[in-house]
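Chains as they are written, first to last, in the working numbering: chain A, 1 to 184; chain B, 1 to 327.
If you are wondering where the hints come from, they were derived from the structure by calculation, not from laboratory data.
All figures in this text were calculated on a predicted structure; none of them were measured in a lab.
Check the hints yourself; a few may be wrong.
Covered stretches of chain B, going by a simulated chain A footprint (3 or more residues, C-beta under 8 Å) [unchecked claim]:
| id | segment |
| --- | --- |
| 1 | 13 to 27 |
| 2 | 43 to 50 |
| 3 | 71 to 81 |
| 4 | 144 to 155 |
| 5 | 295 to 302 |
C-beta atoms are modelled at their ideal positions from N, C-alpha and C, and glycine is treated no differently.
Chain residues, written in single-letter form:
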Amino acid sequence: MGRVMDDGAFEAVITAHHAEIHRYLVRVTGRRSEADDLSQETFLRAYRAHAGLPADANVRAWLFAIATNLCRNHFRGEKRRRLAHAAAEAAVPADDGGTPEGEMLLVEARARASEVVDGLPLKQRMAFILRKVHELEYGAVGESLGCSAETARAHVFQALKKIRRAFDTLAMATAGAERTEPTR
Amino acid sequence: MSPAPPACREIEADLVATASGEASPAAARRVEGHVSACDRCQRELDRYREVDGIVQSLRRAPLRTSDPTLARAELESKLADLRTRLLAFRRFTSPLGPILIGRTELGVSLVEYLEPGEAVDAARLARLSGGRAVEDTGELESVYGELLEYLDGRRARLDWPLDLRTVRGSFQHRVLEATARLPYGAVASYAGIARDIGAPRAVRAVAQALRHNPLPIAIPCHRVIGSSGALTGYAGDKVGLKQRLLAVEGVRTASGRRHLAIDRRRLYHLFRGEHAYCLPSCGSLLTKPMADVTLFASRDRAEAVGLEPCGECRPDLHPLVPMTGAD
Numbered sequence: 001m002g003r004v005m006d007d008g009a010f011e012a013v014i015t016a017h018h019a020e021i022h023r024y025l026v027r028v029t030g031r032r033s034e035a036d037d038l039s040q041e042t043f044l045r046a047y048r049a050h051a052g053l054p055a056d057a058n059v060r061a062w063l064f065a066i067a068t069n070l071c072r073n074h075f076r077g078e079k080r081r082r083l084a085h086a087a088a089e090a091a092v093p094a095d096d097g098g099t100p101e102g103e104m105l106l107v108e109a110r111a112r113a114s115e116v117v118d119g120l121p122l123k124q125r126m127a128f129i130l131r132k133v134h135e136l137e138y139g140a141v142g143e144s145l146g147c148s149a150e151t152a153r154a155h156v157f158q159a160l161k162k163i164r165r166a167f168d169t170l171a172m173a174t175a176g177a178e179r180t181e182p183t184r
Numbered sequence: 001m002s003p004a005p006p007a008c009r010e011i012e013a014d015l016v017a018t019a020s021g022e023a024s025p026a027a028a029r030r031v032e033g034h035v036s037a038c039d040r041c042q043r044e045l046d047r048y049r050e051v052d053g054i055v056q057s058l059r060r061a062p063l064r065t066s067d068p069t070l071a072r073a074e075l076e077s078k079l080a081d082l083r084t085r086l087l088a089f090r091r092f093t094s095p096l097g098p099i100l101i102g103r104t105e106l107g108v109s110l111v112e113y114l115e116p117g118e119a120v121d122a123a124r125l126a127r128l129s130g131g132r133a134v135e136d137t138g139e140l141e142s143v144y145g146e147l148l149e150y151l152d153g154r155r156a157r158l159d160w161p162l163d164l165r166t167v168r169g170s171f172q173h174r175v176l177e178a179t180a181r182l183p184y185g186a187v188a189s190y191a192g193i194a195r196d197i198g199a200p201r202a203v204r205a206v207a208q209a210l211r212h213n214p215l216p217i218a219i220p221c222h223r224v225i226g227s228s229g230a231l232t233g234y235a236g237d238k239v240g241l242k243q244r245l246l247a248v249e250g251v252r253t254a255s256g257r258r259h260l261a262i263d264r265r266r267l268y269h270l271f272r273g274e275h276a277y278c279l280p281s282c283g284s285l286l287t288k289p290m291a292d293v294t295l296f297a298s299r300d301r302a303e304a305v306g307l308e309p310c311g312e313c314r315p316d317l318h319p320l321v322p323m324t325g326a327d
């Protein structure tokens, strides 16, 4: 009794995707505790629903969509969202144009980019992370966010523009910084 | 930076796409053509390529607080619990009409009367069990077989393991437990159950709790009746089923002026706290409130639970005349 037809399959889903979904949620919420809760809820929902999933479904994209939805609900009507906007403003770099060219290390550039991403409006932030960090197709990003692939693309575009603007007043690591970064 | 010329603004999206390798070949060619003649946009393209490099490194950068080990362990433990809540259900035909039976790994958790043609709502069952609901693949067969024997009068006990986790609240638990103790072939009143669980004034609440009995038949709420002897209700408006279930156990009901009722004068009495069963005419038993008596359909039923005949009224020597025919 109590046989679960495809629990083995679900176990494999967890093994394959849990860590990545968790990372995604850390990036979106900025908090491990929230990522813990939301990732758990993501997989519990998936567990309840996965039996009805078509055999050829893209499970990874589906999990991202569930996680994204939970995030949106999580932030909805919460002050956190406004705080995120406030953080966005704070994250816009002050004009310290005096920074000498080439001095900004990739690590710093990355930190600055992260700050900008953290400060993006929720949809832009999620679109950006889904596409640029987790490399989902725009169609899947759109499905997660409940918008078209084109709108998803526009969100990512806006996010990139903001990051680019954030670097405007700062000297950036050169294009080759990535390659010359010493390995640690 | 001064505002960009319209042509530059127009190409910007393609430019960003090109920088991150997402542009279509046509868009990439447009950008190539444009930047070859526009220094400003060439610089933009370079800038966006740098941004793309940073973004790519972002992807590879470790997160400080991302260790998912704990979260995964918690998830696994939640799932283990959910698996024990997996509800396997099946719709069966029965002499009482279509009936839905569900069980989890822990035991039978659901018995429901369905309307003819009523579809089973698996989503509702999943919510009810707090887990998932799937069509049974044959494991309920033996449960169903026993149920048929029971409804046929060939079996007096349903010794199913029960899963009562869908029951919310200790009050309903207590009511169901007290009801489950009512022997085959016996009836008691809602007021009697209320008294059993130490809440003598909660008669209506007892009736409500039994109305939401998740396991009718298995938890024999059909053995609980009104203090007047009226069957009152059962599974919504299915009081006829209550009459039939009681008839299987030998408890006859008669159509009174307005409703189905049992007749105390034709049933053996067990007074609260006693260990001997009596004729209804013994002492002043018939004037005692229903809350204080349990009624038995026959001497066999009373003796089957270890009761002895009363030494004064001697039901063993003067048994009640069995009722004949259908009422």
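Status of the hints after comparison with the structure:
Evaluation of the coverage hint for the segment 13 to 27 of chain B: fulfilled, as 4 residues show C-beta separations to chain A shorter than 8 Å, against a requirement of three. Look at the segment 43 to 50 of chain B against chain A: 5 of its residues bring a Cβ nearer than 8 Å to a Cβ of that chain, three or more, so the hint holds. Check on the segment 71 to 81 of chain B: 7 of its residues sit with their Cβ under 8 Å from a Cβ of chain A, so the three-residue criterion for coverage holds. For the segment 144 to 155 of chain B, the stated coverage by chain A is not satisfied: 0 residues place a CB nearer than 8 Å to a CB of that chain, which falls below the threshold of 3.
Judged by the Cβ-Cβ criterion of 8 Å, the segment 295 to 302 of chain B is not covered by chain A as claimed, because only 0 of its residues qualify and three are needed.
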